[in-house]
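Engineer: Given the sequences, and given the hints that come with them, work out the whole structure.
In this note's numbering, the protein residues as written are 1 to 244.
Treat the hints as calculated values from the structure; they're not laboratory data. Just so you know, even glycine gets a beta-carbon here, dropped at the ideal spot from N, CA and C. One or more of the hints may lead you astray.
[Unchecked claim] Here are the simulated distance ranges between beta carbons: (1) T87 / G159: 16 to 26 Å; (2) Q58 / A17: 44 to 54 Å; (3) L7 / G152: 17 to 27 Å.
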Amino acid sequence: MVAGILLVAFVLRQRKAAHPLLPMAIVLERNRAAAYISILISGAGIFGVFLFVTYFLQTSLQYSPMQTGLSFLPMIAMLVLAAQLSTNIFVPRFGPKVLVPIGMARGAIGMVYLTHLDLNSVYAVDVLPPLMIIGLAMGTIMPASMQTATLGVDGQFAGVASAMVNTSQQIGGSLGTALPNTLAATAATNYVADHLPATAAVAAQAAVDGYAVADWWGAGFFLDGAIIAALLFRRIGHGISLRH
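Structural biologist: Here is the structure:
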């Protein structure tokens with residue numbers, strides 16, 4: 001509530017300021033607004049992945065910190081591969097209106113895949129495939145969104161537009177850590193309460209149940225992002241100027 005009030009106050013102040021920190025034209029241009037929202041949502045999704053897959057690998061599969069870190073490398077490899085293809089081939093050809101919704105849909109698929117993890121899951125079959133799908137998703141979303149976020153901005157506002165990219169990522173990361181973690185903890189607590197006595201086996205299953213709830217919410221984030229991106233982004237290069 002307080003954060004919302006402060007945000008509204010900030011916007012009202014910036015609209016009236018002679019030299020605003022954040023000129024509203026930067027964020028009100030339709031494609032840039034869509035880019036910032038997409039970066040925020042994808043940031044929320046990927047931070048949730050890092051958090052809950054790390055929990056699962058270390059507490060449920062008993063991986064060491066080193067093993068856990070190495071387990072994410074295939075996702076990073078897919079992200080790099082997809083980002084290179086998007087930057088050099090797909091973004092110039094199709095633009096963010098096509099690529100970002102596709103990436104968001106891939107992210108949702110990866111998160112739904114993660115909801116099926118249980119105490120009998122194995123990395124190669126149950127964890128690796130969704131991580132690679134999510135890496136592919138992020139490599140599809142981010143290049144198109146980041147390029148659009150600063151496209152057409154006057155030189156004097158380039159720093160502000162770039163800073164908004166970082167701000168969107170940070171807000172998304174905060175949301176993707178705090179909100180799903182709260183939901184997962186609540187779900188785990190409820191599971192234990194419904195399966196008393198609270199043995200070690202019940203606690204372990206409760207944790208996995210909480211991770212699944214968080215992953216469903218992550219899938220919802222990405223699905224919402226796909227819809228928003230499809231509706232807000234305009235095709236670039238078809239008589240549309242992004243300069244404001």
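Engineer: Now tell me, hint by hint, if it's right for this structure.
Structural biologist: Taking the hints in turn, this is what the structure says about them:
1. T87 / G159: 16 to 26 Å: 22 Å, holds
2. Q58 / A17: 44 to 54 Å: Since the Cβ atoms of Q58 and A17 sit about 48 Å apart, the hinted range of 44 to 54 Å holds.
3. L7 / G152: 17 to 27 Å: 25 Å, holds
The structure shown violates none of the earlier numbered hints.
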